[in-house]
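Here's the letter readout for the chains.
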Amino acid sequence: MLSDLLPPALVNLLLASLQQTVTMVAASAVLSTLIGLPLGILLVVTAPGQFLERPVFNKVLGTVVNLIRSTPFIILMVAIIPFTRLLAGTTVGTAAAIVPLTVAITPLYARLAEAAMREVDQSLIEAAESMGASPLQIIFKVLLPEALPGIVAGQTVTLVSLIGYSAMAGTVGGGGLGDLGIRFGYQRFMPEVMIAVVIVLVAIVQSVQMTGDLAARLVNHRIARSRRSR
Amino acid sequence: MNVLARTATDDSPTRRTEAPSPEQRSPVIEVRSLTKVYDPKAGPVLDDVSLSVEKGSIHGIIGRSGAGKSTLVRCLNGLVSPTSGRIFVGGREITGLRGPTLRAARRDIAMIFQHFSLLSSRTAAGNVALPLEIAGVPKDLIHRKVPELLKLVGLGGKADSYPVELSGGQKQRVGIARALALEPSVLLSDEATSALDPETTEQILTLLADINRRTGISIVLITHEMDVVRQIADHVTVLEGGRIAETGPTFGVFAFPQSTVARSFLSSIVAHDLPEEVAARLQADASDATDPVLRITFTGASAHDPVVATLVERFGIRPNILHGRIDYIGGKPLGIMTLIAQGGEPRLPAVLSYLQSLGLHGEVIGHAVRSAAPGTR
Ligand SMILES: Nc1ncnc2c1ncn2[C@@H]1O[C@H](COP(=O)(O)OP(=O)(O)OP(=O)(O)O)[C@@H](O)[C@H]1O
Ligand SMILES: [Mg+2]
Chain A
1 MLSDLLPPAL VNLLLASLQQ TVTMVAASAV LSTLIGLPLG ILLVVTAPGQ
51 FLERPVFNKV LGTVVNLIRS TPFIILMVAI IPFTRLLAGT TVGTAAAIVP
101 LTVAITPLYA RLAEAAMREV DQSLIEAAES MGASPLQIIF KVLLPEALPG
151 IVAGQTVTLV SLIGYSAMAG TVGGGGLGDL GIRFGYQRFM PEVMIAVVIV
201 LVAIVQSVQM TGDLAARLVN HRIARSRRSR
Chain B
1 MNVLARTATD DSPTRRTEAP SPEQRSPVIE VRSLTKVYDP KAGPVLDDVS
51 LSVEKGSIHG IIGRSGAGKS TLVRCLNGLV SPTSGRIFVG GREITGLRGP
101 TLRAARRDIA MIFQHFSLLS SRTAAGNVAL PLEIAGVPKD LIHRKVPELL
151 KLVGLGGKAD SYPVELSGGQ KQRVGIARAL ALEPSVLLSD EATSALDPET
201 TEQILTLLAD INRRTGISIV LITHEMDVVR QIADHVTVLE GGRIAETGPT
251 FGVFAFPQST VARSFLSSIV AHDLPEEVAA RLQADASDAT DPVLRITFTG
301 ASAHDPVVAT LVERFGIRPN ILHGRIDYIG GKPLGIMTLI AQGGEPRLPA
351 VLSYLQSLGL HGEVIGHAVR SAAPGTR
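Those protein sequences? They're chains A and B, same order as listed.
Read in order, the letters of the first sequence are residues 1 to 230 in UniProt numbering.
Read in order, the letters of the second sequence are residues 1 to 377 in UniProt numbering.
Source of the hints: derived by calculation from the structure; they are not laboratory data.
There's no promise every hint is true.
To be verified - Under 8 Å between C-beta atoms, here's a sample of chain A residues computed to sit facing chain B:
hint	residue
1	PRO72
2	ILE81
3	ARG85
4	GLY89
5	LEU124
6	GLU126
7	GLU129
8	ALA133
9	SER134
10	VAL142
11	PRO145
12	GLU146
13	LEU148
14	ARG217
15	HIS221
16	ARG225
Backbone N, C-alpha and C define an ideal beta-carbon position, used for all residues, glycine too.
Sequences and hints are given; from them, build the entire structure.
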């Protein structure tokens, strides 16, 4: 079907680009979760009035997170080139694109996770404290499980944003679908390539969103089971 | 009202005799001169509170909103650290503990909450397992203990239900099972029935009293409802503006409240106040134009004697009963009758000694000026 519209060479290109996009998005999603979740936890538990209250640390961390978040991705990408080279050994290619993507998306994920954990009723934390729970036990037995639906929703938002960012990363040598669309669809005047790229991107975003929504619903025990399965 | 307050404070011999002497039982909780200041500008929230809770008793703490009840109970498990004063639970000093030692001490002091505070992410069984997991109890032991605990609170069939699928009463039962999991010696309850309807409240209170009887666990019961205290508390402390207004065995406080706060709390249950129409005609001294206003307190077996008939037959008094009611305080009957003893002034000493001979508590509240108003004829 695809080959009716696009020459096989282009289909291959499309598939290769898709693979690059998936690689970039998946890798930076995993990395941003691994870094962002602990950051989110730190932002919550060190906030004033919380059980590991460290107001100065909290303020500094919050400011750093906000600084990165308010820097446009394109500028960020250029600004951290030395850092990228240090980590990836190069500044072009799919692997190199993972670094700026992770740096850009981690603060977003941290903030979303933080917001989800902030929603956890303070009285639950207090109840755990009254049982003699340690800070780590409160985090792992109360904060994270109770915030899980929100964290999953945040994960979905992060993934969708990452797909968008990855298209931009492509233009500076990261490859991927965005790159393909620009190089062929725009620069070589092949609108059918542009359309194919857009369709694939829309399909990916849609399925990520739907899967994310479903997952968030499945882990949300605040909704009765009878209504959750609908 | 002044007359009322004075006479009530003047004599209360029954009160003293009912209180078990401190040496008789050992306290499980001792609070010494506890003071808590959150905001120096606002003044202390708890002001020199000293209190002891007997081992195995149910101790009610009642007070209006903002009286400092929650602050007091949260000091007991170290969730709030006092500004000054000392707290001992089970002989161990809680004040000053921190880190792992405080956490270990907390395992002996369980708590149940007004809004249950169950984890929505865990089933009933999972919630009950939480304190066991926190304490590092081996998994197989947890698996054996949790169903027993759920059965104890009457929720044997609800192990796999999530909190959202349980009623308020069932949620509080899970809360109680969770609190009992580590077999604590003290159970703190902060308004644990306030979010429940009266019938469910009664069931939960019955469950708590039952657990208290069976396990000997000491319960500190915070509430703003005197009725909760009436049903299950052995002792009651009335807190007002961060100070103890009154404390003692529940029956004594109900029968002979000393403080205005206690009396106003009791007014919904036991009528210690006079109808306004009578209060307006009340004076402190007797005269030719007055009739004595008597309050007769019946306790225990005497609650059933035909006192009123005797007053009429033997003393020629025409009693005008203003109020009469029997309440059960912790299962013991407490009857309070207020009457105007018409034509009773000359016979007053004889009447009082007759009441005393029956073991009743007779009290002259004052003297009502006779009026032509209907109903007092
Ligand atoms: N963390 C806090 N910081 C500052 N003030 C507080 C804090 N907690 C309580 N207070 C104040 O202490 C006073 C007593 O509060 P507390 O919660 O102990 O009252 P309470 O008797 O439990 O009332 P209620 O019946 O409404 O629960 C109130 O004036 C309240 O504003
Ligand atoms: Mg309170």
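Hints, verified against the model:
no. : hint   : in the structure
1   : PRO72  : 38 Å, violated
2   : ILE81  : 43 Å, violated
3   : ARG85  : 43 Å, violated
4   : GLY89  : 43 Å, violated
5   : LEU124 : 6 Å, holds
6   : GLU126 : 6 Å, holds
7   : GLU129 : 6 Å, holds
8   : ALA133 : 5 Å, holds
9   : SER134 : 6 Å, holds
10  : VAL142 : 6 Å, holds
11  : PRO145 : 4 Å, holds
12  : GLU146 : 5 Å, holds
13  : LEU148 : 6 Å, holds
14  : ARG217 : 13 Å, violated
15  : HIS221 : 4 Å, holds
16  : ARG225 : 7 Å, holds
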